[in-house]
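Starting from the structure of chain A, add chain B where the hints point.
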Amino acid sequence: MSVIIYSESENGKFKKSAYELASYGRALADKLSLSLIAISINNNEADPISNFGVDKLIQVNDKELERFQVNNYSKIISEIASKNDVKILLLSSSADSKYLAPILSVKLSSGYVSNVVELPESTDPLVVKCSCFTNKAFNYVNLSEKINLISLSNNSYGVMENPKKMEIENFSSSLEKSSLKIQKIEKITGKVTIADADVVVSGGRGLKGPENWSLVENLADVLGAATACSKPVSDMGWRPHSEHVGQTGKPVATNLYIAIGISGAIQHLAGINSSKVKVVINNDPEAPFFKAADYGIVGDAFEVVPKLTEKLKEFKS
Amino acid sequence: MKILVCISHVPDTTSKINFTDNNKSFDTNGIQYIINPNDEFGLTKAVWMKESHKAEVVVASVGDASCESTLRKCLAIGADRAIRVNMNPLDGFSVAKQLVEICEKEKFNLIIAGRESIDYNGGMVPGIVAELMNYNYVANCISLEIDGNKATAAREIDGGKEVVSSDLPLVVGSQKGLVEEKDLIIPNMRGIMQARQKPLEVKDPLEVNPKTLSNKYEKPSPKGEVKMVAPEEIDKLIDLLHNEAKVI
Chain A
0 MSVIIYSESE NGKFKKSAYE LASYGRALAD KLSLSLIAIS INNNEADPIS
50 NFGVDKLIQV NDKELERFQV NNYSKIISEI ASKNDVKILL LSSSADSKYL
100 APILSVKLSS GYVSNVVELP ESTDPLVVKC SCFTNKAFNY VNLSEKINLI
150 SLSNNSYGVM ENPKKMEIEN FSSSLEKSSL KIQKIEKITG KVTIADADVV
200 VSGGRGLKGP ENWSLVENLA DVLGAATACS KPVSDMGWRP HSEHVGQTGK
250 PVATNLYIAI GISGAIQHLA GINSSKVKVV INNDPEAPFF KAADYGIVGD
300 AFEVVPKLTE KLKEFKS
Chain B
0 MKILVCISHV PDTTSKINFT DNNKSFDTNG IQYIINPNDE FGLTKAVWMK
50 ESHKAEVVVA SVGDASCEST LRKCLAIGAD RAIRVNMNPL DGFSVAKQLV
100 EICEKEKFNL IIAGRESIDY NGGMVPGIVA ELMNYNYVAN CISLEIDGNK
150 ATAAREIDGG KEVVSSDLPL VVGSQKGLVE EKDLIIPNMR GIMQARQKPL
200 EVKDPLEVNP KTLSNKYEKP SPKGEVKMVA PEEIDKLIDL LHNEAKVI
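Sequences listed follow chains A and B, in order.
Per numbering that gives the first Met the number 0, the very first residue in the first sequence carries number 0; after that it's consecutive.
Per numbering that gives the first Met the number 0, the very first residue in the second sequence carries number 0; after that it's consecutive.
One chain only, chain A, in its complex shape (with noise of 0.2 Å):
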């Protein structure tokens, strides 16, 4: 029996997350005395994620699947699974494989958790924590089934290294043919995602109008880090709504994540939640958001967003 974790590529190499999933895999394999297997597709690396604890790679080639389709990838991830007799299967939380999860939950006949947050607390029963609530609240479920799915929240385990002798064997399947046909992918290129950002750099009101957003980019600069925009914002069309975040937008667990006038609305907290250090900057000594933060500066963003901006930048050279 093994536990298998579906390792996601980007232009054929790695993503960060699939180091963080083998990692979770591994601590969870060795609680269940399992071997840990990782699938990748379209992906000829090895080596990279042979460092995170990884016993077996089992890679897919085949030109079908070099943009991902919902059906065909499920297909082959749940044949894979079931030939390797797959006790748990992790996934990350990315919208790629949240959107196979509950296909693969019912391919499989298992038990899926989503947006879970730690290592299981008890393996017999298997009891997972996940949140719920957006955030609100954690949930212990126990899962029960021959065959478990869990899906991992982004940036809540962490990367550990454990380099390991990995086996590597390629698998192929034949494809059904489906009516689901992708047209076309519009993707931002060379800005970094708010998925995938280990800081996020995140506008409100306070900043008056879209023309002003220059302050948050040049911070964002800076980090690395993506930019992102309260609800307000995405409603009034000064930013579009795949920066929203919050309750309805996309949720956000960065290791940092920098407010700038945005005075932190239940439901902006609720999405926002899971990020480790928070800093606040806003004008409003009162603004709610303070009471959730970590860090918080009351002073005009305007003047203490680009000072801010300077001296980090003195800060990286």
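Think of the hints as simulated: they come from the structure by calculation, not from any bench.
Among the hints, a few may not be true.
[What the hints assert, rightly or not] Here are the computed lysine to any residue pairs in the SDA-like style, where the Cα-Cα straight-line distance is at most 20 Å:
1. B:LYS15 <-> A:ASN272
2. A:LYS180 <-> B:GLY147
3. B:LYS235 <-> A:GLU302
4. B:LYS23 <-> A:PHE137
5. B:LYS215 <-> A:GLU144
For clarity, every value in this text was computed on a predicted model and none was experimentally measured.
Just chain B, lined up with the frame of chain A:
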């Protein structure tokens, strides 16, 4: 054309979350309930299609009698009829199974369910329904056009969007973007009066064993006091982030 919108009855977004019964159950005391926001974006889109596509819009929810107020609100917004499966929802799988039972009988062309509920955030119901029905599924759907038997939909992906085409029947996971916040329909008096006359069918649940079971809840441990830094001491903030928090 026949559309099903799956509705989750959830605590209002501003609710303070508490637990009772030794942290085994959610404390419903003083909680206001709303249509799950992600479902409401989908419902609005479906109501638009009543006119544009001569669609019949059915809403369904799995829950006890308390969720009927939420279903009535959906009827006031414009859904034609409602179905409630009389069951305490235990996990995403058992909810999806009840919805599949309805889908098998009614043969919908389009099934919409929010990308996730804001209470349990499972994000699994639309995907499980799609796979059990053997229908195509588009998650995180931010646009949808239907022409005859063909759909063109956009899925929000990390850092962009992906446009797909598919035959109907189709399942989509709705979210903001499918319609905008300003498009949400506030029921008027006429809608509310009509909603009282519209059919709300209560069904007995199918017997299904849940695949996961909630064991207990926990609230996040209270966090430490915020450390304030004066605006003229930016160096101090950088020092704290570097040496104390170790995030830069």
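Against the structure, the hints:
1. B:LYS15 <-> A:ASN272: holds (14 Å)
2. A:LYS180 <-> B:GLY147: holds (17 Å)
3. B:LYS235 <-> A:GLU302: Measuring from Cα to Cα gives roughly 16 Å; hence the hint holds.
4. B:LYS23 <-> A:PHE137: It holds: about 11 Å lies between the C-alpha atoms, which stays within 20 Å.
5. B:LYS215 <-> A:GLU144: holds (19 Å)
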